[in-house]
Amino acid sequence: MNRQTYCYVLMGLLMILLLTGCWDRVEIEDRGFVVGAALDLPEDSAQSKKVKLTNQFVVPSGIGAPSQGSSGGQPAHANVAATGKSLLAIEREMGAMTSRSPYLPNMKLISLSSELAKTDMFESVLDLFIRDHEMRRGVKVAITEGNAAGIFNIDAKNAKLPVNHIESVMNNHFKYLGNIRPLRVGGLHEYLLKKESFLVPKITKQGNDMTYQGAGVFHGYNNRMTGVMNVKATKGYNLLTGQAHSGTIKIKMDDSPVTLELMEVTSSMKVRSQAQSAIKASIQTDVESRVAETFASQSLQNEKRLQTMGKKAEKKMEKLMKTTIKKAQNEWKADILGVGRKLHKYHYDVWQTVKKDWDRGQNYFSEADIDVASDITIKTTGVTDQSKK
Amino acid sequence: MKTFEYADDQISDKEIMIATPSVVIGVSVLSLPRTLTSPTNGMDGVIALGVAGLFVIALTWLVAKLAVQFPHENFYSYASSLIPKPAASMFTMLFAVYGLLTTAYETRVIADVAEQYLFTRTPFGVIALTFLLVVIYAVSGSRAGLFRLHMMFFPFIVLIILTLVLFTSGLFDPDNLFPVLTTGAGNQWPAFIGSTFSFMGFAPLLFYTSLVKKPRNVPKKAAIGMSIAVTLYMVIAVMSIGAFGNLTAGNLQYPTVELAKDVEIPGGFFERFETVFFVIWIMTIFNTTIMFLDMAVFAMNQLFTKISKMQLIFICSPFIYMAGMIPKNNEDVDALGTFISMYGFTVVILIVALFFIARKWKRGKKQ
Amino acid sequence: MGLGSLFKRKDKQPSKQEPTIEFDAELKANLDQNLETLEIMLEKPNDLVIRPFSLGSQDHRCAVVYIDGLVDKQEINNNILKNLQYYAEEQELPTNSHALLDEIESDLVSIGDVSKGKTLDELSFALLYGSAILYVDGVDQALMFDLKGWEMRAIEEPVTESLIRGPREGFIENLRTNMILIRRHIRDPNLRFKTYQIGRRSKKNLVVTYIEGVIHPDIVKEVNRRLKTIDLDDAPESGYVEEWIEDSFLSPFPQLANTERPDRVATSLLQGKIAIMLDGTPFVLVAPVTLGNMLQSPEDYYERWLIGTFLRFLRYGGAFLAMFLPSLYIALVSYNPGLIPAKLAFSIAATREGVPFPAAIEAFIMAFTMELLREAGARLPKTIGQTIGIVGGLVIGDAAVQAGIVSPIMVIVVAVTAIASFAIPSYSATISFRLIRFGFMLAASFLGLYGVILVYIMINIHIVNLKSIGVPYSSPFAPSFFHDWKDLVLRTPVTMRTRRPAYMQTVDKKSRNKEKS
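Residue numbers (UniProt numbering), protein chains in the order written: chain A, 1 to 389; chain B, 1 to 367; chain C, 1 to 517.
Hints were generated in silico from the structure; no laboratory data involved.
Dumping the calculated DSS-like pairs for lysine-lysine here, alpha-carbon to alpha-carbon at most 27 Å: (1) A/160 x C/343; (2) C/28 x C/118; (3) A/85 x A/118; (4) A/333 x A/319; (5) A/342 x A/356; (6) A/270 x A/355; (7) A/280 x A/311; (8) A/379 x A/311; (9) A/333 x A/195; (10) A/316 x A/232; (11) A/195 x A/280; (12) B/14 x C/510; (13) B/213 x B/14; (14) B/213 x C/486; (15) B/214 x C/510; (16) A/280 x A/333; (17) A/280 x A/194; (18) B/213 x C/510; (19) B/214 x C/486; (20) C/510 x C/221; (21) C/194 x C/148; (22) A/333 x A/322; (23) A/252 x A/315; (24) A/319 x A/270; (25) B/213 x C/509; (26) A/312 x A/232; (27) A/194 x A/342; (28) C/509 x B/214; (29) A/322 x A/311; (30) A/315 x A/280; (31) C/509 x B/14; (32) A/205 x C/343; (33) C/203 x C/221; (34) A/326 x A/315; (35) B/213 x C/221; (36) B/14 x C/486.
From just these sequences and the hints, can you work out the full model?
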């Protein structure tokens, strides 16, 4: 066999390959881009162990190319729902319903109804989103009060897709004290694996609008939602964990309200422990702030006034934080603050002994002694000392 | 047309330095963080990786040192000068088999991973076949050409790793690295073995040192090359543990690819970085594969001098393909990988030990 | 050895040169006979001028023969005929015709390049290459006066390689002028010109030029060897020579560069390269070339280094787009839409809604149309060429989108690709990139990104096995010569580039002494 023949053999093989190729070719316009998924329990409560999946598909012609101008009122999205026992089966079924095969990599949001989150379905339904290679770990997860699919119908305002609207709200507003950082599926996967308690941000539908506030509290050992964290507790939580980057603290000075705007929040937790019964955690929160608004007319350029203002703010913050800790220890009995994580990392031996009964059973977490301290620095009083006399 | 000075089949020690990490870095990095974290706590696996790295660098140096003793002499000829001829041919054959098996394994893994991350319906047999054909095309060319390929592709590999690290640094949480030093030696052992196996790729040094123009510096350069690989591995391991945490990293099948999946490049241009990462990674795996296939062919050529290189390639390739298709599932593939690493490791250790002893003994006899 | 050598040409043995029409090789002593043989040989073309005359008192019969249009008539009249007739009046001419011939050669004519010819072959070649021939009756020799004087193009700015800044002169079709253009750039006595004659029938002159003491001697030897194997009837353009002596005729990459610019040739010579000039074409071949040379333009060196470097980066980007963009479009749209930013993906999907073809077919249609337009534009006169550009680019593109044959994004892709390929300075490199692009597109249509990367790897394999006159095509990337990287993608300041390219293995390594800087 000479070289020429080798060459022909190679070419022949290549030709065979190419002629039989194109297995995976699906043109872009034939794909059904799924941007959001909502998971509900079916209305019919008899259908236990079943779940209702609503996918928000993009209708590209509804978005339209910019040159084509307004697309004549055609909606840019289509919500398709189906019920079934496994999500994959539902996806398949949906493919038959919508003429386009669902394409998941563009998914941005998974919304779960709070009812579903209270059952053991929660962790099982999320399995697909974690396991499937098409899914990104950056998909955001949120729980919705009431009907999860409902938020897919809200008025999207300047975004074309409701999901995009929700996503940008989540991206832009987590910095505030009352909201928690959006949760990524990847992060959730870590919680599920570690069996740590965690928070899932909450979306509420209000008429044709939505608000992004508060969070659902999930227990680590069974991954069920045990409670809802309100705005106040969320503020405390954010101060405790130092996750917020802005937000306000309102205090009263001489009966007139003063608003301090937070510029930077950092917190650190120290855990000391000799034995499982005497776990002590101390959380120190440092805040940098500036005076944003005051109804009082006294001068602010006064060392003493500023100091008292700081003291009052610190007290307010500590109160917020303590409320949250109390709720976590007594009401939800879930270690959402990461005390256990610290223990695991820095007191490995102690952790081994308390691990099993950390925030369940014996519940060492509830018995732990957590104290807080805060320190506020008022950096500036704004561009003017007084706006009125 | 051997008219110009370097238009021949010789390489420089610089090329060995680049080729060594380029051969080492292959499919094992994709799952390395899992190998490290599943038996250990926190970032303790990285310690095992570091120790394994040092061990492997030393081993690389030794292997190269051995080969350098016989400049411009091919493996079979210096092997038969040290040990009896039948044993020398046996060892050469063992290396040939090692090379062929590794080729089959890498081909299989690339098909599997491509099927998982790039395709859904394309049969993996086809992916493997196209890959193998390209590998064969490369090996049919000149040996020096293979080293030039290493030089051409290696910058891409380093670049993609750096990009990966840069863009995932936002996810890096130092807390995830703790606790430290809580893993017992018993649990460190599998991590150590796993990391050592992931560095397998110094065997070609035994063969290719004979092609080096001025081989004096080869041990040093090979060791430097290996330390590049070790460094890159450490960076990837630390990044994945830092980004995912020990538990998640130990749970993902290919944590490195998942890390790439987490990359969000500002401006959203590449929404799915892992595809780009994986596509570039094909080059890396390709580099490993060509070197092992060529080593096999090289070894066999030294034994069967009458058969031409092309004939050898064409005789072997169907078997490589079939061997790659044998494993039924991921576990089988993993088992094959472990077996090959074990096999290669044993043979290399054996050769190094045997040859050094034989050399000492022969010298002693001379004196 | 191996598949790579498939692409290598087997050494060509020079086949025996068949004798051309061999008339009586030696000249006769009889003038009439000589003239008759010449006339028979050329079959009395009407541009053959035979001017018989007699000289002196002895009435020596002589004849001047030349081809009208090939020689400078003025010179023949003034410096041959006039002189001879004048001296014949003035002084006594030798009676012996042999002595007369010698006297004419040495004293009587005022022509620089005079030689004696004995065979008909010699004479006919000289005659057909612009010489006038003087026969003297009774001598079996003739004088050949080199009086080339045909019409030629003036030295103009090269059309294919126009620069904004840089010398404006380009090679022309005349070999001698071209040699002078190079000499004017390099006044080194070591500049060598070696002449070959190629073409069995055309007998064209081919000049190889290099600088002794800079170039690696083996390159000269190798080029020499390869040129000697050339066996063609005619080489109308240096492309024939290129194809004959290149290392691999199956490769899409040009292994010899061609240029119209003397400054570029001069720079290349100083880098230790060799240039091959063929009579009758302004395109001079430069060899060896490597991958990096494809994207370099002389202008990089004429502008300041930062700008030169920036332009090179730009060109690398352009080359990437020219090769990959359509295939990436196919791969992303048909296989991996996840790589496209979500919003763009949606709008692509929206615009493709009505398009009946898969992305691959769409891309092939448009790429084919584009190539067609370019080809048509190149053939047409300049003024109409523009019309084609407008009709093709604007009207067809827009109409195709309106008609729903292609999507608007495809038009952008094709347009950007075309523009990017124009940014590559060398035309032959552009063509090869255009060719490779189709390979990528094909692979992308069958295997998506996986196919693209496999083809990319294959091209790399081909490149590392490719050589240009024995120099690895992939150098100085690999084998790496880090010092040469100063002038590869980067264009470092001239003060930093102290050495000639290491991959050329020049005899004289340094281009200047470091101490002086």
